[in-house]
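Residue numbers (my numbering), protein chains in the order written: chain A, 2 to 110; chain B, -3 to 694; chain C, 168 to 368.
Keep in mind that the hints were calculated from the coordinates and are not lab data. There is no bait here: all hints are sound.
To give an idea of the interface, some chain B residues facing chain A are shown, with a C-beta separation under 8 Å as derived from the structure:
#1 Q666
#2 D667
#3 G668
#4 H669
#5 V670
#6 R671
#7 A674
#8 M675
#9 A678
These numbers were taken from a predicted model, which means no experiment stands behind them. Note that beta-carbon positions come from the ideal geometry of N, C-alpha and C, so glycine has one too.
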Amino acid sequence: MPVLATTIDAGWYLVLASLIFTIGAAGLLTRRNVLVMFMCVELMLNAVNLTFVTFARELNDIRGQVIVFFILAVAAAEVAVGLAIIVAIFRRRRGATADDLDLLKDPTA
Amino acid sequence: MSGSRDLLHLAWIIPALPLFGAAFLLLFGKRIGEPVSGWIATALMALAFVWSCVMLMALLDLPMEMRASVLNTNALWSWMPAGALHVDMGTFADPLSITWALLVTGVGTLIHLYSIGYMHGDERYSRFFAYLNLFAASMLILVLGSNFLVTFLGWEGVGLCSYLLISFWFERNSAAVAGKKAFVTNRVGDVGFLLAMFLIFASYGTLNYSAVGPGAHAVSSGTATAIALLLLLAACGKSAQIPLHLWLPDAMEGPTPVSALIHAATMVTAGVFVLCRAHPFLDVSDAGTVVAWVGGITALLAGTVAILQPDIKRALAYSTVSQLGYMFLAVGIHAYAAAVFMVLCHAFYKGCLFLGSGSVIHGNHDVQDMRVMGGFKKYMPYTAFAMVVAWLAIAGVPPLSGFFSKDEIISQAFLRDEYALWVVAILAAAFTAVYMTRLIFLTFYGNERFRVADGPNGAAAGHEALPVISGGSDDDIAVLDHAADAGEVDPDSDPSPTVAYGDPVPEPNGHPPHEAPGLMVLPVMVLAFLAAVAGILNLPFSSMEWLNKFLEPSFRGVPDVKPDSFAQGFGLEMLTFAIAACGIFFAYKLYKKGLEHADRDPLDVKLGGLAHVFGNAYYYDHGISKLVGGPGRAVASWLDRVVDTKVIDGAVNGVGGFFKLLSRGVQEIQDGHVRRYAMGIAIGTVGILLYVVLWIGR
Amino acid sequence: MEYFVFFLAAALALAGALGVVLLRNPAHCALSLVVTLISVAIFFAQLGAALLVAMQIIVYAGAIVVLFLFVIMLLGVDRKESVEEPLKFQRPVALVLGVILFAEVVFLIGHQWATGASSSGTAHAIHGGGAGLGGNVERVARSLFTDFLWPFEITAALLVLAVVGAVVLARRSGESAGTVGAGAAESGAAGSGAAGSGEAG
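Chain A extracted, bound-state conformation (with noise of 0.2 Å):
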């Protein structure tokens, strides 16, 4: 592995942010609640940031920082949006799940 400035391999962070990211894989695949779902996609868009600053900081390139910075904007963007579906959908449906959001299944089966 290559040698940072600071002492802490850069190994180290990526083995995390990679933790991170399958935990928040995982639970978006296995919880219901669809704000618990979002928050899981947060998970891993963090995990993505601290994988790109690492980056940044082993290549001595400060573009990785740069996309971070656009990540968290649209990542805002995203979760505004997101957000108002949700309330758009639920509205009426109070303590809906994920699961009850059929509408793409076959209306023959």
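Mind docking chains B and C on chain A? Use the hints.
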């Protein structure tokens, strides 16, 4: 000379004219109506005849060795360019095809002319002529084709027209049945044609006639034999030879011009034509023997049946079968020119006989049973005269055409050392003489059996012989009167005019017959004239054998067998004539006074038990019906129940069912749950990464 | 010293992540998320991304999670989620996939060919390259306003779009616009909100 060749390329005009006529009359015939549509059809046929003559002259303009060259072929367009198989729609104008074309158009014109009078009053008048023209076009396509497939096209076409025309009066059940019978029997023969074409294509890679001739030796004799026998099967179907002869007698349900044109002069000779075209196969293989014996046996057996038939048309039908047997015999012994000569002469005298019988029936208020005829000479002198001439021709009395054509074949059998066939042929000639003499005397001479003691309005209800169909005479009123007198005609009894052996004698109607109108008498007389003089085409004196010489280019390589000396030839012919004369005399003695009792035929009495066998055509028809109706039907229904429903339908439905099952399983994936879809994405991602990890970068 | 901070933060991050995934009450999950986000901010600090530390705390932990909590309270989805899983095999497969995924990524990390080469470039360097380049914020700004000017502007437009979209989507139709908060729902008469009708005001 090249001008002549170019002219020959225009041979396609010959079938095009009647084809146009058929289309035109089918579309506009009803509006044009009678009799103009008849005249149109006849005029087109006449034009086709004229053009055929032009073709003949163009052909004669060429030197002998060029007359059957492949350059006479004209490929009009590429019909089936399918991979290795390349079939053109084209014409081949050589002596053989032009001879046949002249025959079809010439005799066809005469018969069209006759039909204008015969079909007068029929409600489907123009359609009749459309069908006749269509038939002529198909027949011409058949003979003028440049390859087997075009001939097959015409072959099927004439089969179709035969069906359409036999069952022209389809309101009569027996006519519809007869039409079906003809078509189905023909189909059996067509299998032979198809298989032969497959073999030819497999051997030569092409179906053109030009390829077959020179290359026949390249093919193994086994293949050649197979091809020849398959074509024989097809020819048996079309030309009504044993074992596929059963449709021709029933085909007499059709109008008489149809019987004359299709079932005497032209369609039934198509089998002979195809065998002539395929003569190289016959020359290199042993199939010729089979062909000759099929012909010979048919000639003899049909003759034995004809002598006992009470129906004038049925007797002529069996006569046709018998005469065709002679043609097949000739082809089988490689005397092709003799066969063609007989085709021509037969067309003339048989055509005359059929048309004449049509006039007889027409004038006799649609009664066809000879047992209630007699003495018609007084009432229909012209028709009688023509038919007498034709009778003498068919019996083989010199110097009429039959003597030169039929007896030529018989002599050829002897000269080519086929003695058994010669004996068979001579016996058949004897029978021919007997049944034809019987026919003429029962009809035109002897006692007038249409007058009976009961008087003109017979009380009994033997109305089977008075069909209530249009057939065109102004005696319809009298007929209907009569029916009204004695009670209604039972519609369920479905009167058929054709009388089979063993049917009860119909009640005589008491009215004397009348002569046919001029339009009908004229063609009959013309044909009689031709039957008388056609012998000149091929007199057995060297340098007078025009037809033989003319046809030589088409039959290249076939040895010509001549009698050793003039005396031998003369002796053979005289022998045949003597036997024919005996037959004539024998029948004359029996029938010169007509029938004493209408239901007792002296020949019938003489033959005793054999009479039933002969008269019922050896129960062949009954046998086939039983076979097909019994076990045939059982097999068919089994196939339908088990194979068709369970196996074939089962397989097809099974495929559908299988996919339904499959899709039902796959359907489960799309259950609408978002998390399932997310799972799918996750699996995909992991999979790709797995691929990257394991295989990239190694 | 650094390792101690790192491991502490790592533990917190993991705990938070597991909390998000495993806690039943959504509000608890949101709070767990905050823990993780703060830990990630600590990592950013360790890795020398000063600007991002601030942004992470302000935007993520400060705005986004607050949004989440708003919606949780609004929709009353604070009810506890039931434990059994109706879809078959979902949990075991998810677990297996997670393990495989983790293994793959670790493998990729370990190989040089998957992690690229260093570019000790000049203008883009994080550290070094002369004092004239300034601190972290200045370097990020420089990159942002030169190389990434275009994406920057578009992102601004995107944010505006997001605001408008959120308002439209969450609005009850037939009702005048409520507060212009990013995605905040307002009270009002009943109506469907799923269709974005596009009418303003």
